[in-house]
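Colleague: Heads up: the sequence lines are chains A, B and C, in that order. Start counting at 1 in the first sequence, then tack on 58, and there's your number in our numbering. Start counting at 1 in the second sequence, then tack on 236, and there's your number in our numbering. Start counting at 1 in the third sequence, then tack on 23, and there's your number in our numbering.
Hints are supplied without guarantee of correctness; some may be wrong.
As the list claims (entries may be wrong) - Capping the alpha-carbon separation at 16 Å, the derived lysine to aspartate or glutamate pairs in EDC-like fashion look like this:
1. C:441 - C:578
2. C:301 - C:499
3. C:77 - C:561
4. C:77 - B:443
5. C:245 - B:525
6. C:245 - B:487
7. C:301 - C:413
8. A:281 - A:64
9. C:301 - C:561
What the hints assert, rightly or not - Cβ pair distances, simulated, as ranges:
10. A:130 - C:228: 37 to 47 Å
11. C:106 - B:407: 31 to 41 Å
12. C:704 - B:260: 55 to 65 Å
13. A:122 - B:344: 42 to 52 Å
14. C:704 - A:113: 40 to 50 Å
15. B:358 - C:75: 50 to 60 Å
16. B:359 - C:452: 34 to 44 Å
17. C:704 - B:417: 42 to 52 Å
Because the hints were derived from the structure by calculation, they are not lab data. Idealized CB from N, CA, C, for every residue including glycine.
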Amino acid sequence: MTALLDARGVVKRFGGLTAVDGVDISVSAGEMVGLIGPNGSGKTTLFDCLSRVSSLDSGSIRFDGVDITRHRPHQVARLGLARTFQLIRVYRELTVSENMELSIQWARVGTARLFGRTDPATRRRADYLLEFLLLARLRDERAGALSGGQRRLLEIGMALMSEPRLVLLDEATSGVNPALVVEIADRLREVNADGVAILLVEHNVSFVAELCHRVVVLDRGAKLAEGTPGQVMEDPAVIEAYFGAEGE
Amino acid sequence: MSGTPSQPRPTARRDRSRLRRLLVRASVGLLILLAVLPALPGVGDAALFTLTLMLTSVAVAVNWNLTGGFTGYVDFGHAVWFGIGAYTTAILMSLQTNGPQIGWAAPPAIILGAVVAGVLAAAIGRATMRLKGPYFSIALLGTFVAVREIVRVSGGLTGGGVGLTLPPYLNRPLFYYLQLALVAGLVAFTWWLRSTRFGTALVAIREDEVGAETRGINTTRLKVTVFSFAGFSTGLFGGLWAYQNTFVDPDIAFVEVRTIDAVMGTMLGGLGTVAGPVVGTVALFWLRELLWAHLLDYHLIAQGVLLIVIVLFLPRGVVGIIDPRGTSLTALWRRWTGRGARSDEPEREP
Amino acid sequence: MRHVFALLTASALILGLAACGADQQPPATPDEAATGAAFAGTIRIGAALSETGKYAVEGRDSRQGYDTWLRWVNEEYGGIEIGGRRYAAEIVYYDDESDADTAANLVQKLIHEDNVDFLLGPYSSSLTTGASAIAEANNVIMVEGNGTSDTMFERGFRNLFLVATIASDYTKSTIEALAARGARTAVIAYEDTSFPTAVANGARRHLEANGIEVLAMETYPKDIQDASAIMTKFRDLDPDIFVGGGHYNDAVLFVNAAKELGFAPDGMLITVGPSNPKLIDELGEDLDGVLGPTQWESVMAYEGPYFGSASDYAAYYERLWGEPPVYQAASATASALALHLAVETAGTTDTDAVREALYGLEADTFYGPISFDERGVNTSKPMGAVQVQDGLIRVVAPGEAAVADLLYPRAGASGGGKASAAERVAQMLINGIALGGMYTLLVLGFSIIWGVMGVINFAHGEFVMIGAYAAWLANDVWGVDPFLTVPLVFLVMMLVGFGTQRLLVNHVIDRPHLVSLLVMFAVAIILQNVMKVVFSADFRRADTALDGVWQVAGEVTVPVTRFWILVVALAVAGGLSLFLARSRLGKSIRAAAQNREAARILGIDVAKVYAVTFAICIGITGVAGALISPVLAVQPFQGPPLTLKAFAITAMAGLGSVRGALGGAMVLGLVEAGLAVYIPQIGTNLAVVASFVLLVVALVVRPQGLFKGLRPVDATAT
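The shape of chain A in the complex, shown without the other chains:
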């Protein structure tokens, strides 16, 4: 089976600093993969490269057999690759439901739909997902008025609205109250069970270990280890670099 996402030799530099240094990463359809590593190890930068928000200095990315190395972000999204952001990006002045209804699969938006109002099917899907993510009663609130945790959920909802085949989740649990973290984990499992692949950047290692089939560890921009959660946790290099640094 060929990988859904297949990135090879991704390099990204900022001035003199090499943030991502030749990383290979792949995700198969329906897989749930964790991406962990200490602060500044290049996780978010790698995400930015994969979703094409950042340009890469070298390397190549394929998604579903299409070379997306030079694609623009919206083209990637239209192929079925959605993402969330570590620093939450919702449309603060729009209401929660407007945020959702705007995050549809734009590949199917022709001129007529572009200049049309929200159709019932979209509204139903948005309502369903808001219900699913426990945001239903906030649907008419301005997104800017939500709490951080609610905004994270909204962002996940927006990513799911586009009927993605792969979602890149950046720090889905940070700033979220612990009771909600459990809910989020349940929701992600359900989503994954429906066949949506997930690549997860997380600080919360136990969250990753619990959810993911496979874990990739980054350190200082390079891939340090890869394997099942169990294998990775026992890798001495990982313990040294990751947990050593974390526990200072």
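Place chains B and C on chain A using the hints.
Modeller: Frame of chain A, contents of chains B and C only:
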């Protein structure tokens, strides 16, 4: 930062729909009033001309608001499209010895003027709309000044600094009704546009362009389209203005004041709202008549002070005051003293 | 529902007031009440004139001119005679606010609402162009004397008549006189707006007709601040005479730049200005020997049956208004008189008959002979010329009106030689570097404020302007040299900067860019107009002892004032670099620029650092203004182009980068100097756009900026 959702406000939506009804009724009333105005005693051609100029300002502000208000791209050179529309019309209609001798009729000349403005706006927008914040603003201001100078030095086509004269045709009521219809149509169009996916997507671009792009919105296409439309529409009013003014030269066709008025009117009325630029520009016009009569040379000073007051205390404009989601007086005071939250403004990196 | 009514009432009120604004009752003329009863009727004439705005002064003169005729015709002459009966004249005036749209609108109103029989012209070509189109479309005759651009009379209008000499003939008699005295070569510079273009094209024709070779013809855009590039070019051509076409303020620019660069041709002819005593006050002996055309002077030997001689007219005018008439007033009186005579000849107020009478008119008046050609232009009155001689304005042409001999070559004229190609390159480099020095000083404060505080100071140019006015005032009142005012201006402007920061900037610093941009923009508008109210919009200049040029080699010269500005600029840039790199305060400033929060955590009082930064930067900016006051014209609206240049240089060079500011300023200076020297005719226009084109191209091609500064430039980052 608690996980507990804040209490939903069931009244908010009702207030908003009441406000919308109010605005719709008010605009219909206003439209009827404006339509019967020429028939009223004491309203002569001169008053109609004044109102026509006001309508022109309203249209420019509405167009500016499409990019500046909805999309968040603050165009400091918007008057350039007005000038291009005016000049194209003048060039096509001119029969002068110091310029081209084409001699088209007005309607096709004005329409082509608008098209030229729209096409150039698309080209310029394509190049400059990847710039952000103040860089975009100043790049457009630069474009404005550069185009004015290009017009000035292209004497063979534009008559240079001397300008061009158009065949005079001065049917004030005709222009008044034409522009009234166009402005009414334009405002209705904006209102409709805001309710479509396209319009909401524009606001999304303003709120978070990277977010919008990664969620599949072709932000470049959308913002360049709306920028081009704004250029087209302002160019149309530029052409109409040129025809009524009977002549153009670089310094009256390309005036910074037209941009300033659009920005000020929109800010006063409410940035990024449908009614804002209309309410604000009419208020500004009326305010200026008052200031003009009593302050003479001081009116621009007063206008500057007004702008500071609007920007600092009324960031949501007049429409923001009557909008139930608008700012309260205490919030205004907090804004000035720098204490307390400014949750109604999106944070941006400096 | 209550709200709907409130809103509707409000809108109706707004509309009503808007309509009222344009509907005020015309002010009643005092003569109407006094003399109306004795006449068979009234002939109503309308005029839109500028009582406010940029033409307020000339507008008032024109109105006094019209009123002089009105008083005379009703009180002395006994009314306009039609078919043996006497009719009173009445003039309805409105204020056009110096605005073309308003003037056109008012003419419309005069025709349709006040039902005037005839129109008199507004002041200036730009207002007359639109106003006359309305008159033509309504078939109402307009006679005027203060809008002389040729293009107005190329439209084939049948209802527009000009009693004054048309713009293209402004220089005719002067050029003839100069040719007779042996002038052989000439250069022309003119503002490329309607009136100066017509003057310049006419001058070229008259020069060639008199066998004078035109070596170069240069245009420049309106509101230019510095004519030195054009003057450099001209100096290298070594012509006998210089012809400058523009308005009052351009005369200041020409004389300034010529002096600064050591360009002293045998004859200098400048269209507007030399006949105005105000200019002598401003420029002093530098104006000596400069020639200027004049429509009319009271010493001219004209005479007619109506007001008597020119001096009789002047005496009558002075009795009425307590001041001698300027030519704009005389032109206005003459327009009304021509209309008056035509109506009497026609014996009716019928437009067609009066038009025929105007075409057939041949009259000798205090203003000179009046007769109209088929365009409606008075071609029988020659233009006069004045020359400033020992600080006095003397009429030197035409012969019959002259009271003094034309001095040619003028006092202080010094011929140079033609410059070689190598000399021109050297001169261009020197000019470019000198300009770069000025720009460095102008941009530093802007760049640091942006780099440290993230605030784009849109009022930057206005702080330059205030510094310039401070130096000019000190120079004008106490005779202090601008270079000596530097310490004081620095301190005063620091206080101004500190106050501005505390009062305004501090409140917008955390808000989105648009907010600070708009607030500073409003500050700019306020400062411009306050200065305009206080000092008027006239161009000023300060005098410095460090003036003139150093002859370096051959025809290559170094302008002394600019050299010292460059020295100061380098000193300030060096000092600032050291201050930022070495001093404690400088380090805090850099820390606050890099990361506001981190600086705060390290115990730096960021608010204080910002206030100090702003104060220092505004201080430097004020010094820049003080130093350019002898070089650039000092005026309330000089700021915006400087702000835009500062923006262009900063965005290209890096925010808060002293080295970048220096580099960017030099690049821009050299590009502008190169364009101005090497592109014929439109070089100066192109130099004006150069900074914007560079800016837009730099931003689009390389949004990250070129140099490393206090904070990264990234024009594409959100």
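Colleague: Of the numbered hints stated previously, which ones are contradicted by the structure, given in increasing order?
Modeller: 4, 5, 10, 15
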